[in-house]
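*Asks:* Below, each chain spelled out in residue letters.
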Amino acid sequence: MNSNFRLLLPAVQSSKAKVPIIRAFPKCAYSSDTGDIKIPKRIPRGPTDILKALSSCVGVDPTAAHYKFHDDPYLMPYSNPNKRAYALSQEAGRKAALWHKVADPMIEAYVPTQAFTDESTVNEDVLASLISKQQVTDVMTVYGILKKRGNDVSVELKQKILELTCFYNSTDPLSEEWVEENWFRHGKPTGRVSQFSKKTWKDGGFAEKLFDEIIETGGNVDKASCALITGMIIHGQLDEAWKRFEECKQKGVKMNTDVYNALISKATSLRDSHDMAWQFIMQTLTEMKHYGLRPNLTTLNNVLQSLEMMASNRSSRPNALNTIAEFQALGIKPSLASFAHLIRIFQKDKRQMLGLILSTIEELEANSEALMTPRARDDNQFFVRAMESINHCGDRVLADRLDSLLHHAKNYSLIGNSHSESVYYRNYFLLVLGTEEIDDFMDFYGKYVPTLYIPEISIMQEVIKSVEVQMGWKHIPKLWGDIILFEHLRAETISYLLSVAVQAIMDDSDHSKAMGDVAWSVWEKIESGYLKQLSWTGEMLGDVLTLLVAAQELAKAHIVMDKIDRHQNSITGEPLPHSFERYIQACLEVANVDAALRCVRHCDARGRLETEQLLSKITNSGLTFDGPQQRVIGEIQRKF
Amino acid sequence: MLITIHHLARRSSCLRDSARGLTLSSVPRSTDSPSDGSDDGSSKKKANEKLNSLLLSIAKDESLSKKDDRKYASTPRPLIRERKVKERKDQNLGEKIVFAAKEVARNLDGQPEKSEAELLHKVVGTDVKLQKSIFKASSSATLGALLNELKIEKQQQAARKSARSSSGPDTRTDVSRSDLVQSQWKGRMARDSFKGAIQPQPVGIYSGQALGIFKPDGEYSNDIQLETWNQCVARELKFAFTQPPRNIWEQMIVWTERGMLWKFPIDNEQDLEDRPDESFVDHVFLENYLDDWCPKSGPIRHFMELVCVGLSRNHWLDAQEKRDHMMWYKEYFIAKKALIKEIGAGEIVETSPSPQLETPN
Chain A
1 MNSNFRLLLP AVQSSKAKVP IIRAFPKCAY SSDTGDIKIP KRIPRGPTDI LKALSSCVGV
61 DPTAAHYKFH DDPYLMPYSN PNKRAYALSQ EAGRKAALWH KVADPMIEAY VPTQAFTDES
121 TVNEDVLASL ISKQQVTDVM TVYGILKKRG NDVSVELKQK ILELTCFYNS TDPLSEEWVE
181 ENWFRHGKPT GRVSQFSKKT WKDGGFAEKL FDEIIETGGN VDKASCALIT GMIIHGQLDE
241 AWKRFEECKQ KGVKMNTDVY NALISKATSL RDSHDMAWQF IMQTLTEMKH YGLRPNLTTL
301 NNVLQSLEMM ASNRSSRPNA LNTIAEFQAL GIKPSLASFA HLIRIFQKDK RQMLGLILST
361 IEELEANSEA LMTPRARDDN QFFVRAMESI NHCGDRVLAD RLDSLLHHAK NYSLIGNSHS
421 ESVYYRNYFL LVLGTEEIDD FMDFYGKYVP TLYIPEISIM QEVIKSVEVQ MGWKHIPKLW
481 GDIILFEHLR AETISYLLSV AVQAIMDDSD HSKAMGDVAW SVWEKIESGY LKQLSWTGEM
541 LGDVLTLLVA AQELAKAHIV MDKIDRHQNS ITGEPLPHSF ERYIQACLEV ANVDAALRCV
601 RHCDARGRLE TEQLLSKITN SGLTFDGPQQ RVIGEIQRKF
Chain B
1 MLITIHHLAR RSSCLRDSAR GLTLSSVPRS TDSPSDGSDD GSSKKKANEK LNSLLLSIAK
61 DESLSKKDDR KYASTPRPLI RERKVKERKD QNLGEKIVFA AKEVARNLDG QPEKSEAELL
121 HKVVGTDVKL QKSIFKASSS ATLGALLNEL KIEKQQQAAR KSARSSSGPD TRTDVSRSDL
181 VQSQWKGRMA RDSFKGAIQP QPVGIYSGQA LGIFKPDGEY SNDIQLETWN QCVARELKFA
241 FTQPPRNIWE QMIVWTERGM LWKFPIDNEQ DLEDRPDESF VDHVFLENYL DDWCPKSGPI
301 RHFMELVCVG LSRNHWLDAQ EKRDHMMWYK EYFIAKKALI KEIGAGEIVE TSPSPQLETP
361 N
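Protein sequence lines correspond, in order, to chains A and B. Anchor point for the first sequence: position 289 equals 289 in the UniProt record's numbering, and the numbering is continuous, going up by one each time. Anchor point for the second sequence: position 130 equals 130 in the UniProt record's numbering, and the numbering is continuous, going up by one each time.
Hints are supplied without guarantee of correctness; some may be wrong.
Stated by the list, open to error - Now the in silico label distances, taken between C-beta atoms and shown as ranges:
#	chain 1	residue 1	chain 2	residue 2	range
1	A	A92	B	G204	33 to 39 angstroms
2	B	K238	A	D400	27 to 33 angstroms
3	A	S458	B	N268	54 to 60 angstroms
For the record, the hints were derived by calculation from the structure and aren't laboratory data. By construction, the Cβ of each residue, glycine as well, lies at the ideal position given by its N, Cα and C atoms.
Could you put together the complete structure from these sequences and hints?
*Replies:* Pasting the structure below:
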């Protein structure tokens, strides 16, 4: 106490010199009115808490490749196909390796998966653990073995197996271990309520037989029916499901919320017209209330999903908002999936859609933490859909707000998979491209490419177009480099780039050197023969020739001219006249009459109109010609 | 009237598009370059000649004829530029536009002069440099007057805009395509955002009226919970939002969760479920078992301490086995008590063990 007091003294004296120290002390902030401070001996933490804290300190490094590619810096992938192939092969390697390590305690993740045969020792415990690990086919095998041996499986366990097989339609889901496979998967994952589902339900399969067994052995009819009917609905067996549903209601079997939710999601398939489908939804909701079933977030999202499928209907929009209000009154807040559905419902009216997105983003910014926690599967649809729609409306400010929301805290997991990530950035890039000057756009480009996003060929074309329109010539070498990196080597892209490069040197001769380098690089790339699908066109060769001449690389230009002349029969299209004109001009400047004559002879052989003009250029150059040269000139002149 | 204006606007934008393709280096510009500075007169003459020939060629230029116009109108921004118009034509943009507008106006009914002025006005927009260039190029006095008239209407606006775009020398009347594009880029941006930026119509997410089916205070208790089903739903939800780890810590979190790494805080006996009651203490501190019988000093004490150290470092034996070892020595030496005393290796006195030294069983 005494020492504390002494420490405070100088501060107090300097600020309130006149006030007696004793009186000043109780007023000061150091008084003990906050109660005793208890320092805990130990703060209990979960096993991963420290790691999570450390991880949150790591920001995104736009210059580095994704962590998963760090193992071998030499092989760091730069193109979309490579990224996919590398990530998946890494995981395939893990799959192939049989982790057979001696460890005490045993590490379950390293133990090879057990294959079950008739000889295996199995019991109910094994079955229960397989169920908890969602190994559907193994569960079915073990159940078959137990039944064959006459061992009895309890009704409760049978019910569990039924639920599992109905949910996954008797097929194995992708193991949670294979994150990369899930990330690159395009189709819809199993066990997901898909929008326009084909019938995938296995009629008369394991699940239906098991259901009959459960009923025979006196299991809970309510539970078994709920599982079976829901499974049938989500896997597209609507007719059978509806029949059973009606039967159950007649017999007084209780249905649960999952059944009704599934029915609502299929409203448009169960009813013909939009009006009838909406009526059906209302009836179903009323029925739920009648049976005392509490709707949940899935109910809300499924109603909106059905409305999304009726988005062309005028009344879908008010219906959607009314539904949200209804659930809001029940204390059920919409999730990101609900907003994703709303965007599609309002798609017809762009002004309203934009207003909707605006208010959604405001809502999300206000309650970031609560709303950004994934609560429904379709939550990962929101960002990609919102960016797509914002791009269509051309609202740059809103796009930036959405993007900063996505990169905030842990929200990035809401992007979905690699496919939706690409779609998201494609739209964002197009929007920025349309609203920024090219220099600023290229800064933006440098931030995201190639680590987060690799532009598709079409986007690359757009960027080149923008370079052309805005005359951002200095970016051409960078774009060419990226085209090689991203394996976008297509004839149309390259020829477009070359034609833009030609414009660049016409506009500003300062760029000649850089464009010449690009042209030679293009030449080497195509001539290497490494790209089988790529072949020269006359225009491309002409542009390369022009660029090399402009860069004063006459020796290289001769090589290109040689190619033009030699392969004139296999090359489609013709070089532009000015290419030859410039080439001949350059040849004459160094008094290389032979090369110039060769070019004219080529033009003559191809029957080009400007031959005469080019020839006169040579004859008027004031150079002297030797015998063979005179003969050639004479030969061509005779034709006119 | 409105329709014709629209039509004119569209056509004039076509004109601009076709002008886009024209070459970039204009005649006066080339005289600016220092290399030509010495023989100004002759180069000017040459340029004039060139201009004349080009004017002739532009009259023949099909790209500005009616048929082409229609094609452009359907595709306002041609993707692949027309090779034809890319040919070299040294003429400044103002002249090109005036000439083209004249051609178009001639094909229209009514007053060709007025149409031309309207057209030009639309093309010029608010670009001051281009306006000057066009004024210079349009020889007709009436046209100039008409253009002026139109100009006055928008003078204020133009003044505001010109303040923004007055970075370059405004006195120049020669406007090449690159100048035009550069000066108009900002304008294009504004136009783009105007064209694209749909004014949002506010939509309140919670503005709907409840359907009135469910009552918040109603009884909802009859739901049947399917345990395994809900587990599956939860698993799929979690999996949908699992992404490849983005740094080593996230990777370590995954490994920890799968039981491949030590959990924090580190516990050497993690997952050793078969010997849960053994603690670190039971394994390492074995001297306790000497207290009740071993001499305080002498060779026996020395030997037994070494045994304790050896056992405490042995990770192959469990605690019970270590205790058994200690007990075996105890019994062995007690059995040889007399002999040990006789040879003078110390005196073994058995005392009753203190309570905390008792072996946990």
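*Asks:* Determine whether the Cβ-Cβ distance between B/K238 and A/D400 falls within the hinted range of 27 to 33 angstroms.
*Replies:* Cβ of B/K238 to Cβ of A/D400: about 31 angstroms, so the range 27 to 33 angstroms holds.
*Asks:* Regarding A/A92 and B/G204, is the given constraint of 33 to 39 angstroms on their beta-carbon distance met?
*Replies:* Taking Cβ atoms as reference, A/A92 and B/G204 lie about 50 angstroms apart, which means the hint is violated.
*Asks:* Should the hint that A/S458 and B/N268 are 54 to 60 angstroms apart at their CB atoms be regarded as holding?
*Replies:* Distance hint for A/S458, B/N268 holds at roughly 58 angstroms.
Consistency with the previously given hints fails for number 1 only.
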